[in-house]
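**Student:** These are the residues of each chain, in order.
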Amino acid sequence: MATNMKLSELTRRDFIKGSAGLSFAVAVSGTGGLLLSSPANAQRAGSNISAWLSIASDDTITILTPGAEMGQGSMTSVPLMWAEEMDADWSRVKLDWAPADKSIYGYGSGRRRSMAIVGSRAVRSYFNIMRTAGAQVRKVLLDTAASEWGVPVSELKTEPSVVIHPSTNRKMTYGELASIAQVPESMPEVSEADFKKPVQYRLIGKSQPRYDIPAKVDGTAQFAMDVKLPGMVYASTVHSPVQGGLPLDWNKTEVEGMKGIKQTIKLPDGIAIVGDSFYNVMSARKKLNVDWDNAQARRFNSEETLDNDYAMVHADPSAASTTVFEKGDADAAFANANKVYREEFKSDYAYHAQMEPLNAIARFNEAGDHVEIWDGTQSPDRTRSNVAETLGFSEDQVAVNQCYMGGGFGRRSLGDYAAEVALIAREAKKPVKLIWTREEDIAHGMFRPQNFQCLEAALDDNGNVAGWRHCVVGDGGSLLSGGMSIDLYYKVPNQFIDRRGASHNVRLKHWRAVAHPFNIFAIEEFIDRMAVAEGIDPIAFRMNNMNITPRGRRVFEKVIDMSGWGRAPASDRALGISITERSGSLGAAVVEISLNESLGKINVHKVWMAVDGGLIVQPDAARANIESGIIYGLSSILHERVTVKEGAVEQSNYHDYQVMRMSDAPEEIHVEFVDSDEKEPTGLGEIGNPPIASAIANAFFNLTGKRLSHMPFTQDRVKNVLSA
Amino acid sequence: MVQFTLNGNPVSLDVDEETPLLWAIRDHVDLNGTKYGCGAGLCGACTVHINGRAMRSCSIKVGDVVNTSITTIEGLSPDASHPLQKAWVAEQVPQCGYCQSGQIMKAAELLAENPNPSRDEIIRHMDGNICRCGTYNRILAAIERAAMEG
Chain A
1 MATNMKLSEL
11 TRRDFIKGSA
21 GLSFAVAVSG
31 TGGLLLSSPA
41 NAQRAGSNIS
51 AWLSIASDDT
61 ITILTPGAEM
71 GQGSMTSVPL
81 MWAEEMDADW
91 SRVKLDWAPA
101 DKSIYGYGSG
111 RRRSMAIVGS
121 RAVRSYFNIM
131 RTAGAQVRKV
141 LLDTAASEWG
151 VPVSELKTEP
161 SVVIHPSTNR
171 KMTYGELASI
181 AQVPESMPEV
191 SEADFKKPVQ
201 YRLIGKSQPR
211 YDIPAKVDGT
221 AQFAMDVKLP
231 GMVYASTVHS
241 PVQGGLPLDW
251 NKTEVEGMKG
261 IKQTIKLPDG
271 IAIVGDSFYN
281 VMSARKKLNV
291 DWDNAQARRF
301 NSEETLDNDY
311 AMVHADPSAA
321 STTVFEKGDA
331 DAAFANANKV
341 YREEFKSDYA
351 YHAQMEPLNA
361 IARFNEAGDH
371 VEIWDGTQSP
381 DRTRSNVAET
391 LGFSEDQVAV
401 NQCYMGGGFG
411 RRSLGDYAAE
421 VALIAREAKK
431 PVKLIWTREE
441 DIAHGMFRPQ
451 NFQCLEAALD
461 DNGNVAGWRH
471 CVVGDGGSLL
481 SGGMSIDLYY
491 KVPNQFIDRR
501 GASHNVRLKH
511 WRAVAHPFNI
521 FAIEEFIDRM
531 AVAEGIDPIA
541 FRMNNMNITP
551 RGRRVFEKVI
561 DMSGWGRAPA
571 SDRALGISIT
581 ERSGSLGAAV
591 VEISLNESLG
601 KINVHKVWMA
611 VDGGLIVQPD
621 AARANIESGI
631 IYGLSSILHE
641 RVTVKEGAVE
651 QSNYHDYQVM
661 RMSDAPEEIH
671 VEFVDSDEKE
681 PTGLGEIGNP
691 PIASAIANAF
701 FNLTGKRLSH
711 MPFTQDRVKN
721 VLSA
Chain B
725 MVQFTLNGNP
735 VSLDVDEETP
745 LLWAIRDHVD
755 LNGTKYGCGA
765 GLCGACTVHI
775 NGRAMRSCSI
785 KVGDVVNTSI
795 TTIEGLSPDA
805 SHPLQKAWVA
815 EQVPQCGYCQ
825 SGQIMKAAEL
835 LAENPNPSRD
845 EIIRHMDGNI
855 CRCGTYNRIL
865 AAIERAAMEG
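Protein sequence lines, in the order shown, are assigned to chains A and B. Be aware that the first sequence starts at 1, since it is given in the numbering used here, and climbs by one per residue. Be aware that the second sequence starts at 725, since it is given in the numbering used here, and climbs by one per residue.
Calculated directly from the structure, the hints in this document are not laboratory data. Where hints are given, some of them may not hold.
[Stated by the list, open to error] Below, computed lysine to any residue pairings styled on SDA-like, alpha-carbon distance capped at 25 angstroms:
id, chain 1, residue 1, chain 2, residue 2
1, A, Lys228, B, Pro734
2, A, Lys645, B, Leu766
3, A, Lys606, B, Pro734
4, A, Lys491, A, Ala443
5, B, Lys810, A, Asn365
Predicted model, so just to flag it, every value in this text is computed and none were measured.
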């Protein structure tokens, strides 16, 4: 039966032993730039050693991928960019996880150096790192062949994993070259001219099967949930139901006397139960009674606050405000306006609802001064630093084994539950697998913040939007303001955009596309309302009165073409449109909806989306990301809301936190990419969901003449709007 | 001792009969393809076949499956060659992949009893299985492909 240690323990060991051939490790230069060199050279430079890429004499190429995998395909797409530039035979490439060492495997520089796969960053952040490394390795192989054959390197070319001297018809495979290569003291310089031209790409732009998919259809993919270590025990934590509550006392004797229960452990923010099986631990959870100190916890009621407080904060001129974006003179534009529009919107808390409840495994060495963690994490480096900080360890005392993630969506980039299992394992003195139950995952969840928004626009004498104000009031700080800037697609000369944050002790976190879902909803629904009030076609209003950018115009024109915008849909259906930016990409979406009026149920039949995603590295995976974003957007807008009552989250599982099921999915989703002026990839993991709410709201107006202002558009809310 | 057949092999477990089948399979037999998603029969990630019927293993006591024949994703085919598994790869269905064992097992029940399901029949059959990555349209396409290619 399965031993469960395949990727992280066995393969890596074999890999290092068996790497006869040529290995390219990475050393970090004094300036923070990447310097590729052999392990031996890197060792001389006193750097950490790890072979990022190895070419074995049998032509197998092994690349350690820093693309944390939660379904977006980046474990494949990131190393594929390296393979492309070195002209590797992709069918002979094997992947393993890169260790959690951001100094080697991270992107960015200085304090911003990171391995975090968040914000749709994986492909765009690693593009230049990977292609530079690839071009360097290819040069080393070419130089080796040139020297072996005594010919000028300029006479050589490569085919996948083969160097060829066409005039003498000599060939050597990369594996053969690896056996004889003299690794240079330092890697050759490469410049833009050394990179392949897009027409030379063999892998980029041509969909390759994702590396992880075979293991995901036969049950062998290793999630952290699946790790089992010798002598391992199971744990689950009960955190205070009231956010911010602290454990005082609990029925320790009773619970520890239950079958299979080894101990209970007081943590800073909860009680962990440790036992010999997860079933016994779950049974004990039901019997655990904890006295919580809720003195510091606030008896917060989210609906009351959203309904009553935020509008007052917005109306209060002395309320603390953080400027998000400012341009021209907004006050003057409003003072001189021919007409002013103003609209308000609201949005509820939302939960990630990733399919794999949060879990991690920790194992200490006998001396207790080193811990090994198994975590499916968007940020292995952050898991490592968070565990180290929590234990009072240095990072050298923490090793992190990456696993597949059963969904991330922003929740798995913190390492908080990994730090928790480390604390538990130190007490338990055994390897521990910590599993939060689904109920715990929600009750102790971290949410997309709720908020209120006010948008105002000043139209000049020509009917053009000359002034723009957008204020968001809600829970949290910077998590509120992403997507507020319209500057990437609309050129409004005078703008003032600010946020006014509050704190209610609710745990907040980045959620897919962070603040874009609610900000883009408010922006694009506001614009649609203005267009209708002005008696101008909503597309023409965006193009002319909002002064759209050429790039924005292109995605609109594409999606208009794809969807047949302007045609008369069936009498019981309507179309709606919206644009968004995210992570350097631009997208426009059209939805076709119908309505069950008695149920208040919006049915979404078709979705079209045109995306400017820069250079598209893997088209099918890119499309899959956008399809996923569209469904995630639809799901959140039609169903998903978290409410907090008396300080506690009210929802507990998928019955009261509904997510989209197959019967609600659109019959058709069409995604196409526009020709882009961007030479590099831009982010695609979060471009799909932000435009969906406004597109649906606009379609809803076209169908009913009524306006939706509060996300999500639950059936009750829709019925209320219809009867108003 | 609880005895049943698992993927064609006799299994005998010294385990509390109240233990959900899911945890018996995962933690006592060490077959990890069957997933814990909700623990309440709401999401379908734990779907296995019991005497050929797709069931939620998180909500069935192991004591209630004595002498039954259980199939998990690991036993659906010896080498990922079931038409659905091939179709899942061809359509590049999985994203995070966590729900997909359950999706495939649920779909396998459908094709076993209805080799050429209509689109509506597929949707009705699959509606209990959540995919948070939203791969529903590809799941549909893969089931249609598997039905066609058999």
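**Student:** What are the numbers of the hints that this structure violates, sorted from low to high?
**Tutor:** 3, 4, 5
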